[in-house]
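Protein chains in written order, with my numbering: chain A, 1 to 355; chain B, 1 to 328.
No lab work stands behind these hints: they were computed from the structure.
The structure presented is a predicted model; accordingly, all values stated were derived computationally and were not measured.
Every residue gets a Cβ at the ideal spot worked out from N, C-alpha and C, and that includes glycine.
EDC-like cross-link-like pairs, simulated, lysine to aspartate or glutamate; straight-line CA separation at most 20 Å:
| # | chain 1 | residue 1 | chain 2 | residue 2 |
| --- | --- | --- | --- | --- |
| 1 | A | 206 | B | 305 |
| 2 | A | 210 | B | 303 |
| 3 | A | 210 | B | 304 |
The calculated label-pair distances, taken between Cβ atoms and stated as ranges, are:
| # | chain 1 | residue 1 | chain 2 | residue 2 | range |
| --- | --- | --- | --- | --- | --- |
| 4 | A | 68 | B | 16 | 42 to 52 Å |
| 5 | A | 191 | B | 13 | 25 to 35 Å |
| 6 | B | 13 | A | 190 | 27 to 37 Å |
| 7 | A | 21 | B | 21 | 44 to 54 Å |
| 8 | A | 133 | B | 256 | 55 to 65 Å |
| 9 | B | 171 | A | 51 | 47 to 57 Å |
| 10 | B | 171 | A | 141 | 32 to 42 Å |
| 11 | B | 302 | A | 19 | 46 to 56 Å |
| 12 | B | 255 | A | 21 | 55 to 65 Å |
| 13 | B | 104 | A | 38 | 37 to 47 Å |
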Amino acid sequence: MTIQFNEETFRDDYSFRNSDWAIKRFPFPFHEDSYMYSVNMEQHRGGPEGSVYEKRFDVDEHYVSEMRDRAIVLADDPLRCQSLPHMTLAGWDTLELIMVSKSEDYPDLFELHRDGDRWRWINKPMGIDHTFTFLDETTLPCGPLEYITRQAQGDYAVLDQRNDMLYMDAGMITTQADWSLDFDIGMDFFEWHAPVPLAHEMGIFKRALKFLLNVQQGAPARRLNWTMTVNPLLDTSPENYHKWGVQKSTLTPQNIGSKQHLRVELQTFYRLPRSNALLFPIRCYLIAFQDIVTIPKWGRRLHRVIRDLPEELATYKGFIDNRPMMLDYLSQYDDGLPTSPGVWPDLDTEPPLQK
Amino acid sequence: MSAAPQKAKAGAEKIEVEVSAIVPLNDLVTRFEFTRRDGLPFPPFSAGAHTVVEMNDDGRTRLNPYSLMSDPADSTKYAISVRRDDEGRGGSLFMHRKVKVGETMTITYPVNLFPLDLRGRKHVFLAGGIGITPFMAMIAYLERMGGAWELHYACRSEALGTYVDELTSRHPNKVHVYYDDKKQAIALEDLLDGQPLGTHVYVCGPQGMIQWVHKTAAAHGWPDENVHSEEFLAPQPGKPFEVRLCKSDITIQVGEHESLLEAIERCGVEAPFLCRGGACGQCETDVVEADGEFIHRDHWLDDDDHASGKKIMPCVSRFVGKTLVLDR
Chain A
1 MTIQFNEETF RDDYSFRNSD WAIKRFPFPF HEDSYMYSVN MEQHRGGPEG SVYEKRFDVD
61 EHYVSEMRDR AIVLADDPLR CQSLPHMTLA GWDTLELIMV SKSEDYPDLF ELHRDGDRWR
121 WINKPMGIDH TFTFLDETTL PCGPLEYITR QAQGDYAVLD QRNDMLYMDA GMITTQADWS
181 LDFDIGMDFF EWHAPVPLAH EMGIFKRALK FLLNVQQGAP ARRLNWTMTV NPLLDTSPEN
241 YHKWGVQKST LTPQNIGSKQ HLRVELQTFY RLPRSNALLF PIRCYLIAFQ DIVTIPKWGR
301 RLHRVIRDLP EELATYKGFI DNRPMMLDYL SQYDDGLPTS PGVWPDLDTE PPLQK
Chain B
1 MSAAPQKAKA GAEKIEVEVS AIVPLNDLVT RFEFTRRDGL PFPPFSAGAH TVVEMNDDGR
61 TRLNPYSLMS DPADSTKYAI SVRRDDEGRG GSLFMHRKVK VGETMTITYP VNLFPLDLRG
121 RKHVFLAGGI GITPFMAMIA YLERMGGAWE LHYACRSEAL GTYVDELTSR HPNKVHVYYD
181 DKKQAIALED LLDGQPLGTH VYVCGPQGMI QWVHKTAAAH GWPDENVHSE EFLAPQPGKP
241 FEVRLCKSDI TIQVGEHESL LEAIERCGVE APFLCRGGAC GQCETDVVEA DGEFIHRDHW
301 LDDDDHASGK KIMPCVSRFV GKTLVLDR
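Build the full structure now, drawing on both the sequences and the hints.
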């Protein structure tokens with residue numbers, strides 16, 4: 001299909017909207033009526049047609065506006081994109097992976113023409129037509145990681161792998177759920193995960209590290225993570241907490257349906273071929289509560305998950321204070337009927353709301 | 001995230017290749033070059049990576065890891081160099097005697113357990129015999145990127161000096177060769193003492209050489225993380241033994257000349273693996289019950305794990321005793 005790109009903002013007047021198409025393909029993260037941490041990895045090799053899992057790097061109606069928002073964040077704070085000196089090759093790996101994937105997966109939007117090291121990249125939605133020399137930084141306006149991730153939705157952490165450990169040694173982080181690349185740069189896997197509650201005790205990170213160290217070339221993996229965001233903000237960074245944190249107190253029973261968003265991260269993991277680094281794209285999808293509840297199964301399930309979530313997790317995810325108001329709203333969309341297993345909307349088989 | 005989690009496949013992704021050239025280099029070592037059957041370029045790889053070559057030897061499947069020694073920038077071919085081991089289990093003999101130009105083979109995507117530390121200001125390579133192969137790719141990479149390196153290469157004799165001529169003519173000031181039969185030896189202590197801060201040392205060769213380098217470097221105050229090694233172990237033959245696989249609910253026999261992993265696979269049980277040489281950790285298996293002695297040969301588990309009797313690496317390790325039950 002041809003994508004109609006939205007004209008929308010993720011700040012100030014918050015004109016961000018999901019179309020019906022975007023609502024139905026939203027990566028709803030709960031496969032059952034409760035939630036607890038798990039490593040929940042699966043292979044990232046396509047998915048149902050039209051779903052966000054189908055392509056290696058999903059492009060949707062928010063693409064152009066998200067890239068505009070990223071440019072605003074970078075103009076204010078260039079340290080959102082960093083790459084330690086030994087990570088330049090991994091940056092080229094990332095550029096190659098994204099250009100090759102997008103030009104193959106979306107030939108009507110992106111073209112890559114390669115003649116040896118002479119590459120021509122055409123990005124139609126953003127109006128870019130650029131010829132450069134692969135592995136020669138002087139032929140790009142900025143480093144390879146910054147260049148390509150200014151043209152690709154989602155955040156990108158680039159992890160160096162050495163001595164059986166991963167290090168946060170490069171990244172482009174502007175759409176994050178309250179963590180900072182500038183703070184985490186150079187940290188190892190356990191250091192940057194230190195603030196997460198419960199999961200350490202459960203051995204989650206030890207198992208996750210073991211899995212990630214063994215992600216192999218040609219066999220990418222994926223998982224989902226989620227949190228809550230008031231207003232459709234992409235940039236919920238610690239650097240700007242003074243701007244967005246206070247917005248959590250603006251929720252009212254009247255505006256919660258449009259203001260409160262479920263924020264889902266589609267996290268993927270690629271072994272980069274030339275550098276042996278691990279690329280960790282974190283793609284953020286936002287959906288307003290009032291849009292989730294148009295899918296009856298999701299409305300029922302979200303209510304049950306939020307209601308039964310352990311207090312530590314609701315605190316860590318930053319919505320413990322607003323949870324009662326969320327439950328008041330969501331309970332209207334839970335009639336107590338059972339839900340079908342799995343994450344899909346199942347609109348044809350799940351009954352409409354019975355109240 | 002889906003209702004039914006997908007099971008991870010055993011081994012890395014595979015590529016169908018054709019043997020495009022077989023180049024004998026000396027009495028023991030032969031280079032095999034591969035092109036892709038589908039005509040696509042090979043995936044780029046990082047220097048130090050290996051591929052696992054699948055051999056169909058009269059109905060018996062052999063899977064042996066070999067370092068990729070071609071230039072990582074050349075996506076038209078992959079090359080490996082194989083040393084013939086007349087005493088071994090037969091993989092290298094199969095490569096040397098049975099494989100012909102034009103044949104189809106299956107190899108895996110590159111897997112790197114021996115990467116360059118890209119932070120290194122300088123890279124010192126110590127090769128023993130066939131251990132030269134990963135350094136061929138590392139040297140090609142560093143030459144392209146303008147990295148600092150030097151190679152110290154110990155060979156048995158001039159006649160068995162695989163790639164010595166090529167290396168010394170291209171890089172006369174960076175390559176130093178030592179011949180055993182001329183009683184030449186790497187002056188390791190002097191070599192380690194003279195290196196600038198930020199130097200990384202890499203060793204690939206026989207087990208004794210690897211231990212010697214780690215020990216000497218540690219004694220000279222080198223941090224462990226600046227000393228890198230890779231050694232693929234071939235599974236060793238041993239007395240046959242019986243194993244109970246409790247998840248699969250079968251009891252299998254491990255023959256004298258097969259590994260525990262091979263026996264598990266032969267009985268139709270899918271088990272994870274990557275390197276098949278005791279280095280990568282993929283095949284780590286929990287021991288449910290054991291009455292006997294483990295013969296641990298891997299580099300993956302630490303001494304405590306080995307002593308605990310709770311884990312085994314079935315690619316290279318064996319067991320002698322009455323009962324062994326594995327969680328597989």
